[in-house]
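Participant: In my numbering, the protein residues as written are 12 to 141.
Keep in mind that a hint or two might mislead.
Below, computed lysine to any residue pairings styled on SDA-like, alpha-carbon distance capped at 20 Å [said to hold, decoys possible]:
(1) Lys49 to Gly79
(2) Lys49 to Ala23
(3) Lys49 to Pro36
(4) Lys136 to Gly53
(5) Lys136 to Ala23
(6) Lys136 to Tyr88
(7) Lys49 to Arg26
(8) Lys136 to Leu124
(9) Lys105 to Tyr88
(10) Lys105 to Met12
(11) Lys49 to Leu94
(12) Lys105 to Pro83
(13) Lys105 to Arg26
(14) Lys136 to Lys105
(15) Lys49 to Trp82
(16) Lys136 to Asp120
(17) Lys105 to Gly140
(18) Lys49 to Tyr88
(19) Lys105 to Leu84
(20) Lys136 to Gly75
(21) Lys49 to Leu84
(22) Lys136 to Gly87
(23) Lys49 to Gln32
(24) Lys136 to Gly80
(25) Lys136 to Ala38
(26) Lys136 to Lys49
(27) Lys105 to Ala40
Derived CB-CB ranges, DEER-like [stated by the list, open to error]:
(28) Pro37 to Gly87: 17 to 25 Å
(29) Glu119 to Ala85: 29 to 37 Å
(30) Met12 to Gly116: 35 to 43 Å
(31) Glu76 to Thr13: 21 to 29 Å
(32) Met12 to Glu119: 19 to 27 Å
(33) Gly25 to Ala85: 28 to 36 Å
Worth flagging that the hints you see were computed from the coordinates, not collected in a lab. No experiment lies behind these values; they were computed from the predicted model shown. No residue lacks a Cβ here, since even glycine has one placed at the ideal position from N, Cα and C.
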Amino acid sequence: MTVIVVAAVIVASGRRVLAAQRAEPPALAGGWEFPGGKVDPGESEVEALVRECREELGVEISVGERIGGDWPLAEGYVLRVWLASLASGTPEAKEHQALRWLGPGEYEDVAWLGADLEVMRAVAKTLQGG
Numbered sequence: 012m013t014v015i016v017v018a019a020v021i022v023a024s025g026r027r028v029l030a031a032q033r034a035e036p037p038a039l040a041g042g043w044e045f046p047g048g049k050v051d052p053g054e055s056e057v058e059a060l061v062r063e064c065r066e067e068l069g070v071e072i073s074v075g076e077r078i079g080g081d082w083p084l085a086e087g088y089v090l091r092v093w094l095a096s097l098a099s100g101t102p103e104a105k106e107h108q109a110l111r112w113l114g115p116g117e118y119e120d121v122a123w124l125g126a127d128l129e130v131m132r133a134v135a136k137t138l139q140g141g
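With these hints in hand, go ahead and build the complete structure from the sequences.
Facilitator: Given below as structure tokens:
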């Protein structure tokens with residue numbers, strides 16, 4: 012059975028994206044990712060995304076279009092990603108070491124985790140009109 016992990020590329024001011032630095036597990040701590048998490052049983056992917064952003068960041072989001080297809084993670088896991096915007100609240104690092112807004116020219120200034128780096132590259136093309 013495949014475990015579905017969802018992530019939000021939260022975009023502000025048209026081209027700035029929110030990156031979150033993992034606090035755990037130890038193997039991933041310090042790496043950067045897009046906020047999100049596993050889909051719980053009986054929950055839709057979008058519901059999971061909204062819940063995860065509420066829990067991890069203390070914000071409400073508006074979910075937009077999906078980015079790409081399935082992004083492979085570790086064995087048995089797949090990442091599904093959506094563009095999103097802030098509906099209310101200011102992001103706080105409740106479960107992460109740090110948060111950082113990245114603008115054009117800064118998208119690869121953090122040490123993205125593998126799949127998230129590929130997502131960031133795809134998002135950068137979209138945000139830059141390519």
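Participant: Are the hints correct? Go through all of them and say.
Facilitator: For each hint, the structure was consulted:
1. Lys49 to Gly79: Holds, because 18 Å separates the two Cα atoms, which is no more than 20 Å.
2. Lys49 to Ala23: violated (24 Å)
3. Lys49 to Pro36: Status holds; Cα separation ~14 Å.
4. Lys136 to Gly53: Violated - the C-alpha atoms of Gly53 and Lys136 are around 34 Å apart, more than 20 Å.
5. Lys136 to Ala23: Within the cut-off at roughly 16 Å; holds.
6. Lys136 to Tyr88: Given that 20 Å is the threshold and the Cα spacing comes to 25 Å, the pair is violated.
7. Lys49 to Arg26: Given pair Lys49, Arg26 is violated - Cα atoms ~26 Å apart, limit 20 Å.
8. Lys136 to Leu124: holds (19 Å)
9. Lys105 to Tyr88: violated (24 Å)
10. Lys105 to Met12: Violated - the C-alpha atoms of Met12 and Lys105 are around 30 Å apart, more than 20 Å.
11. Lys49 to Leu94: holds (17 Å)
12. Lys105 to Pro83: Not OK: Lys105 and Pro83 at ~26 Å, beyond 20 Å, violated.
13. Lys105 to Arg26: Violated - the C-alpha atoms of Arg26 and Lys105 are around 24 Å apart, more than 20 Å.
14. Lys136 to Lys105: violated (30 Å)
15. Lys49 to Trp82: Holds: Lys49 and Trp82 sit about 14 Å apart, inside 20 Å.
16. Lys136 to Asp120: Status holds; Cα separation ~16 Å.
17. Lys105 to Gly140: violated (33 Å)
18. Lys49 to Tyr88: holds (9 Å)
19. Lys105 to Leu84: Violated - the C-alpha atoms of Leu84 and Lys105 are around 24 Å apart, more than 20 Å.
20. Lys136 to Gly75: Holds, at about 17 Å.
21. Lys49 to Leu84: Roughly 12 Å separates the two Cα atoms, so the pair holds.
22. Lys136 to Gly87: Violated. Lys136 to Gly87 sits at ~28 Å, over the 20 Å cutoff.
23. Lys49 to Gln32: holds (17 Å)
24. Lys136 to Gly80: OK: Lys136 and Gly80 at ~16 Å, within 20 Å.
25. Lys136 to Ala38: violated (29 Å)
26. Lys136 to Lys49: violated (26 Å)
27. Lys105 to Ala40: Since the Cα atoms of Lys105 and Ala40 sit roughly 15 Å apart, the hinted pair holds (cutoff 20 Å).
28. Pro37 to Gly87: 17 to 25 Å: Once the Cβ atoms are compared, 20 Å apart, the range 17 to 25 Å for Gly87 and Pro37 holds.
29. Glu119 to Ala85: 29 to 37 Å: violated (22 Å)
30. Met12 to Gly116: 35 to 43 Å: holds (41 Å)
31. Glu76 to Thr13: 21 to 29 Å: holds (22 Å)
32. Met12 to Glu119: 19 to 27 Å: Once the Cβ atoms are compared, 34 Å apart, the range 19 to 27 Å for Glu119 and Met12 is violated.
33. Gly25 to Ala85: 28 to 36 Å: holds (33 Å)
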